[in-house]
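Using our numbering, the first residue of the first sequence is number 37, and each one after it goes up by one.
These aren't lab readings, by the way, just hints derived from the structure by calculation. Quick caveat: nothing in here was measured; it's all calculated off a predicted structure. For glycine and all other residues, C-beta sits at the position ideal for the given N, C-alpha and C. Any given hint could be a false lead.
[Stated by the list, open to error] Within a straight-line C-alpha distance of at most 27 angstroms, the following computed BS3-like cross-link-like pairs (lysine-lysine) qualify: (1) 301 with 324; (2) 456 with 498; (3) 381 with 99; (4) 292 with 372; (5) 99 with 393; (6) 393 with 363; (7) 433 with 408; (8) 38 with 298; (9) 99 with 298; (10) 273 with 99; (11) 232 with 273; (12) 381 with 301; (13) 400 with 417; (14) 381 with 400; (15) 324 with 292; (16) 232 with 251; (17) 301 with 433; (18) 292 with 381; (19) 363 with 99; (20) 393 with 433; (21) 393 with 372.
[Claimed, not checked] Per label pair, the in silico range of CB-to-CB distance: (22) 223 with 317: 40 to 48 angstroms; (23) 154 with 298: 20 to 28 angstroms; (24) 477 with 536: 16 to 24 angstroms; (25) 485 with 372: 52 to 60 angstroms; (26) 380 with 415: 28 to 36 angstroms; (27) 150 with 129: 23 to 31 angstroms; (28) 317 with 112: 22 to 30 angstroms; (29) 319 with 392: 33 to 41 angstroms; (30) 352 with 165: 48 to 56 angstroms; (31) 149 with 380: 34 to 42 angstroms; (32) 543 with 381: 20 to 28 angstroms; (33) 219 with 165: 18 to 26 angstroms; (34) 378 with 124: 39 to 47 angstroms; (35) 298 with 489: 53 to 61 angstroms.
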Amino acid sequence: MKEIRVRFAPSPTGALHIGGVRTALYNYLFARQQGGTMILRIEDTDQNRYVPGAEEYIIESLKWAGIGIDEGVGVGGPHAPYRQSERKQFYRKYADQLISSGHAYYAFDTEAELEAMRERLKKAGVDHQQYSSFTRMTMRNSLTLPAAETENLIQSGAPYVIRLKVPESGEIRLHDLIRGEVVVQMSELDDKVLMKSDGMPTYHLANVVDDYLMKISHVIRGEEWLPSAPLHVLLYKSFGWEADMPQFAHLPLLLKPDGNGKLSKRDADRMGFPIFPLNWTDPNTGEKSVGFREAGYLPEALINFLAFLGWNPGTEQEIFSMEELIKTFSIERIGKAGARFDIQKATWFNEQYIRLKPVEVLVKYLNEQLTKEGIACSPEKAAKIVEVMRERVSFPKDFFQQGRYFFQAPTAFDSAVISKKWNTDAAKFFQALVAALQGTARFDVETLKVTIENVAAGLGIKAGQVMQILRVAITGSSSGPDLMMTIEIIGREETLNRLGFALSNFQIKATAS
RNA sequence: GGCCCGUUCGUCUAGGGGUUAGGACAUCAGAUUUUCAUUCUGGUAACAGGGGUUCGAUUCCCCUACGGGCUACCA
37 MKEIRVRFAP
47 SPTGALHIGG
57 VRTALYNYLF
67 ARQQGGTMIL
77 RIEDTDQNRY
87 VPGAEEYIIE
97 SLKWAGIGID
107 EGVGVGGPHA
117 PYRQSERKQF
127 YRKYADQLIS
137 SGHAYYAFDT
147 EAELEAMRER
157 LKKAGVDHQQ
167 YSSFTRMTMR
177 NSLTLPAAET
187 ENLIQSGAPY
197 VIRLKVPESG
207 EIRLHDLIRG
217 EVVVQMSELD
227 DKVLMKSDGM
237 PTYHLANVVD
247 DYLMKISHVI
257 RGEEWLPSAP
267 LHVLLYKSFG
277 WEADMPQFAH
287 LPLLLKPDGN
297 GKLSKRDADR
307 MGFPIFPLNW
317 TDPNTGEKSV
327 GFREAGYLPE
337 ALINFLAFLG
347 WNPGTEQEIF
357 SMEELIKTFS
367 IERIGKAGAR
377 FDIQKATWFN
387 EQYIRLKPVE
397 VLVKYLNEQL
407 TKEGIACSPE
417 KAAKIVEVMR
427 ERVSFPKDFF
437 QQGRYFFQAP
447 TAFDSAVISK
457 KWNTDAAKFF
467 QALVAALQGT
477 ARFDVETLKV
487 TIENVAAGLG
497 IKAGQVMQIL
507 RVAITGSSSG
517 PDLMMTIEII
527 GREETLNRLG
537 FALSNFQIKA
547 TAS
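Using the sequences plus the hints, can you model the full thing?
Okay, here's the thing in structure tokens:
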């Protein structure tokens with residue numbers, strides 16, 4: 037059986053889009069499951085679109101996501117170099133081979149001439165306004181020019197491209213692992229540029245040559261490549277590499293959460309969620325984007341979420357570790373239709389993974405925030421906070437952001453609760469509670485519970501009547517984790533301070549009865 | 001415009017010629033709780049439309065509609 041080799045082949049034109057992460061993930065899962073090799077190839081054949089730092093960004097993103105690379109840029113391997121800009125001589129050689137075998141030709145047309153050709157066809161009402169078997173004989177190329185003139189032009193350094201000579205009739209058939217048979221008429225294909233005038237190959241040539249040389253067994257890529265897949269098949273045929281042609285799987289696209297179209301950075305910005313795995317600053321515009329990592333998404337959660345966007349195991353299990361995904365993944369179970377990107381579900385996955393984390397990890401999350409704020413905290417206290425908060429947070433930073441009152445006395449109080457619940461009974465209760473709390477032997481949940489109930493009973497009121505206002509006095513908020521636990525964590529001294537503050541600062545509403 | 005791909009609850013999807021069309025997120029209601037959240041229970045909610053084929057179609061075929069992608073010396 038043929039060795040399984042797949043590649044993720046991004047262009048370093050900016051930050052890695054989340055859809056690219058999914059493509060990389062599916063390649064990785066397939067490779068790992070089959071005991072194959074995952075390759076990272078950088079497709080930097082467009083010098084104009086090169087963005088410094090993008091390659092490093094891609095590598096770091098994959099690393100963070102847990103998508104391992106076996107071979108390629110950053111790790112090396114038997115088919116190095118893996119950066120297409122460093123493989124120019126290969127493409128040149130194979131393009132020349134195509135010229136000699138009559139499958140390609142030189143073209144000298146200027147941009148203006150190409151534009152004029154399109155205009156002419158458009159006016160004539162021709163469907164395909166392209167450089168093809170129908171038009172190539174009207175253009176300036178090695179098919180129409182005398183051989184001597186072609187030779188002359190090349191020798192004199194005139195700019196030229198190399199185009200594929202697509203047969204005028206016949207059909208191209210390819211079997212896509214996700215979509216089944218796809219048939220395209222040769223007459224629909226145009227004479228694609230293979231080598232650009234700057235000496236660089238286009239994607240089409242580079243991708244086919246490299247996949248062949250690197251012995252790629254499966255090309256798993258986005259659906260946007262489906263229309264050019266027949267062209268790639270034709271290239272394999274033209275080279276005589278049909279027997280070694282990889283299998284194709286074109287993945288459904290990631291769509292906008294609402295409305296129409298594919299997911300774009302604009303949508304993410306508009307709806308307030310990340311689209312890049314890590315923070316990114318565009319070196320050209322200086323624009324900064326927050327990444328999933330920095331927004332607080334755990335890589336395991338993002339991966340689980342992404343895996344389910346277009347694929348499912350067919351069972352009712354939702355939570356999958358990378359190991360489980362590797363075991364369960366299959367190309368056959370990838371869907372055909374585009375999937376809308378629903379950030380709410382991503383957040384749900386994040387919550388699930390946070391709850392799965394051991395306390396020590398959660399404490400680490402809390403400590404990271406505390407360090408930033410310059411707040412010290414004992415390991416015991418941190419552990420308690422984290423345990424009481426873990427069921428209610430969505431992101432690691434929430435432990436501190438939603439639990440600020442464990443460290444700092446609240447400065448803002450829920451005024452609705454104050455105006456509704458702060459009355460003479462409550463004030464009496466607070467006074468008695470302060471007195472009672474000063475003398476208890478212990479300061480724990482049990483003691484607090486008993487003390488609060490006793491104090492309330494002593495005043496002839498129900499504890500329930502004062503719990504809300506007690507919570508507001510302690511935390512500033514009307515909602516939060518178990519109050520007794522909260523008070524225990526905050527401690528005797530600070531609790532008494534906060535009760536005292538409430539006693540002297542909460543205003544009883546004039547109309548209160 | 002042309003070519004290619006697609007279409008099951010609001011979303012991600014399972015299913016597949018005869019099912020009460022299943023699950024998850026979201027949402028709603030109830031229970032629990034000192035609150036909110038969690039948790040538990042329950043509910044609302046889908047086969048784009050039209051033709052075939054068939055005893056029977058959401059499932060197979062065709063058409064239409066809608067959606068998406070591509071249509072560069074970009075990937």
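Status of the hints after comparison with the structure:
| no. | hint | result |
| --- | --- | --- |
| 1 | 301 with 324 | holds, 12 angstroms |
| 2 | 456 with 498 | holds, 16 angstroms |
| 3 | 381 with 99 | holds, 23 angstroms |
| 4 | 292 with 372 | holds, 16 angstroms |
| 5 | 99 with 393 | holds, 20 angstroms |
| 6 | 393 with 363 | holds, 22 angstroms |
| 7 | 433 with 408 | holds, 11 angstroms |
| 8 | 38 with 298 | violated, 35 angstroms |
| 9 | 99 with 298 | holds, 26 angstroms |
| 10 | 273 with 99 | violated, 36 angstroms |
| 11 | 232 with 273 | holds, 21 angstroms |
| 12 | 381 with 301 | holds, 19 angstroms |
| 13 | 400 with 417 | holds, 13 angstroms |
| 14 | 381 with 400 | holds, 25 angstroms |
| 15 | 324 with 292 | holds, 21 angstroms |
| 16 | 232 with 251 | holds, 25 angstroms |
| 17 | 301 with 433 | holds, 24 angstroms |
| 18 | 292 with 381 | holds, 14 angstroms |
| 19 | 363 with 99 | holds, 20 angstroms |
| 20 | 393 with 433 | holds, 14 angstroms |
| 21 | 393 with 372 | violated, 34 angstroms |
| 22 | 223 with 317: 40 to 48 angstroms | holds, 47 angstroms |
| 23 | 154 with 298: 20 to 28 angstroms | holds, 26 angstroms |
| 24 | 477 with 536: 16 to 24 angstroms | holds, 22 angstroms |
| 25 | 485 with 372: 52 to 60 angstroms | holds, 58 angstroms |
| 26 | 380 with 415: 28 to 36 angstroms | holds, 34 angstroms |
| 27 | 150 with 129: 23 to 31 angstroms | holds, 27 angstroms |
| 28 | 317 with 112: 22 to 30 angstroms | holds, 29 angstroms |
| 29 | 319 with 392: 33 to 41 angstroms | holds, 38 angstroms |
| 30 | 352 with 165: 48 to 56 angstroms | holds, 51 angstroms |
| 31 | 149 with 380: 34 to 42 angstroms | violated, 53 angstroms |
| 32 | 543 with 381: 20 to 28 angstroms | violated, 45 angstroms |
| 33 | 219 with 165: 18 to 26 angstroms | holds, 23 angstroms |
| 34 | 378 with 124: 39 to 47 angstroms | holds, 43 angstroms |
| 35 | 298 with 489: 53 to 61 angstroms | holds, 59 angstroms |
Hints 8, 10, 21, 31, 32 from the earlier list are contradicted by this structure; the remaining hints agree with it.
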